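Enquirer: Sequence lines, in order, name chains A and B.
So my numbering is basically just the index in the first sequence, starting at one, shifted up by 31.
So my numbering is basically just the index in the second sequence, starting at one, shifted up by 31.
Among the clues, some could well be false.
Claimed, not checked - Calculated pairs, BS3-like style, for lysine-lysine (alpha carbon to alpha carbon, straight line, at most 27 Å):
id: 1; chain 1: A; residue 1: K168; chain 2: A; residue 2: K78
id: 2; chain 1: B; residue 1: K74; chain 2: A; residue 2: K74
id: 3; chain 1: B; residue 1: K168; chain 2: B; residue 2: K151
id: 4; chain 1: A; residue 1: K78; chain 2: A; residue 2: K151
id: 5; chain 1: A; residue 1: K151; chain 2: B; residue 2: K78
id: 6; chain 1: B; residue 1: K78; chain 2: B; residue 2: K168
id: 7; chain 1: A; residue 1: K78; chain 2: B; residue 2: K168
id: 8; chain 1: B; residue 1: K151; chain 2: A; residue 2: K151
id: 9; chain 1: A; residue 1: K151; chain 2: A; residue 2: K168
id: 10; chain 1: B; residue 1: K74; chain 2: B; residue 2: K151
id: 11; chain 1: B; residue 1: K74; chain 2: A; residue 2: K151
id: 12; chain 1: A; residue 1: K74; chain 2: B; residue 2: K151
id: 13; chain 1: B; residue 1: K74; chain 2: A; residue 2: K78
FYI, nobody ran anything at the bench for these hints, they're computed from the structure.
Quantities reported herein were computed from a predicted structural model and do not represent experimental measurements.
What follows is the residue order along each chain.
2 protein chains.
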Amino acid sequence: MALREITQLTLYGDSISGNCMKPKWTADFIGLSYEWVEIDILKGDTKTEEFLVLNPTGQVPLARWPDGRVLPQSNAIMLYLAEGSDLIPSDSFQRAQMDAWLFWEQYTHEPSIAVRRFLKYYLQHSEGEIDPSLMSKGRRALGVMEMQLTAADWLVGDAFTCADIALVAYTRLAHEGGFDLSEFPAVHSWVGRVERELGLETLHEVTDV
Amino acid sequence: MALREITQLTLYGDSISGNCMKPKWTADFIGLSYEWVEIDILKGDTKTEEFLVLNPTGQVPLARWPDGRVLPQSNAIMLYLAEGSDLIPSDSFQRAQMDAWLFWEQYTHEPSIAVRRFLKYYLQHSEGEIDPSLMSKGRRALGVMEMQLTAADWLVGDAFTCADIALVAYTRLAHEGGFDLSEFPAVHSWVGRVERELGLETLHEVTDV
């Protein structure tokens, strides 16, 4: 299958994936022009011959430029698009703190909160079928965020950064994984703040019901 | 318990942890002066009152400076220490490619290869007790590296970067997790190259036995 030509930055992603939303929201926030190509993971769109030529690991999101460059990994794409914008702290230690949240997100937050949501909401696994450690690990992760967000409005310094974008992606969908954000009031308020910054629908009120 | 005063950069880590070695090797490579404080995870050193004051998540590695700043997350510490050195590409797209490898390391490589090693080598779990998906995921991760390292000497561009340091940390110990690096000859050679850059003992020859 021939690879479709592109004429501008192209973001490949599945709209149900928080990871895929990170580069999209970042591009929207800083006013970057791009084409969005919807990729349906559950229908196997990441395993087609055409997609695997672009990214042999078969993962979205993926960024692609007309000169042939491609870049995988949600947080790496987000950082690259945001470089030079206010989304990245100019202070080098604050940047390091932002990086620490991004790595923590991929290692600790996503594998519990996003995975539980995927199993429960998309694969329709019953509570009994889901590894119980995902709930306890996810709650511990939300507790770490609650500690930070009780003391400050944002995750790093006193400004909205890529760390907030990365962490909100699945935190605002945590209720779909069975987590109750009303137990984490500072996180709950922060989700609303980030949604307002990004101009997103206020999803998290679902957890107040 | 009173927090011990420090007079220079202090790296807290467990020498059996690849994650903890990343900032240490980085500091050694660029000639940074630091004090190493050995933390024994298996003996509970990360759960003491003194350590939890420094890092409430109870994780190593942790970097601490005399002015009170602390920074968690192996890859974030490594990047912060390496800033301005040749370990970070000056080209912004190559830096993004390095970041992509670092996030992939924490999301895909570490949770299979390092976790299997910990279960098998340190917790002495039998093969039957270990989730079989760890072997298949770890082999897929090594396959992704093999593809890159068949085409190039280093993970990013044509230079040794933080991506090589991060990925070698557990790849050189993969045999302790039951992986056979001789099946991945380009990875095997690269491990030796990275070990020579860092002045480390050549551990990977164990897999040739």
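Enquirer: Would you mind marking each hint as holding or not holding in the structure?
Expert: Comparing the hints with the structure gives:
| no. | hint | verdict |
| --- | --- | --- |
| 1 | A:K168 <-> A:K78 | violated (30 Å) |
| 2 | B:K74 <-> A:K74 | violated (47 Å) |
| 3 | B:K168 <-> B:K151 | holds (16 Å) |
| 4 | A:K78 <-> A:K151 | holds (23 Å) |
| 5 | A:K151 <-> B:K78 | violated (32 Å) |
| 6 | B:K78 <-> B:K168 | violated (30 Å) |
| 7 | A:K78 <-> B:K168 | holds (17 Å) |
| 8 | B:K151 <-> A:K151 | violated (30 Å) |
| 9 | A:K151 <-> A:K168 | holds (16 Å) |
| 10 | B:K74 <-> B:K151 | holds (18 Å) |
| 11 | B:K74 <-> A:K151 | violated (36 Å) |
| 12 | A:K74 <-> B:K151 | violated (36 Å) |
| 13 | B:K74 <-> A:K78 | violated (44 Å) |
The structure shown violates the earlier hints numbered 1, 2, 5, 6, 8, 11, 12 and 13.
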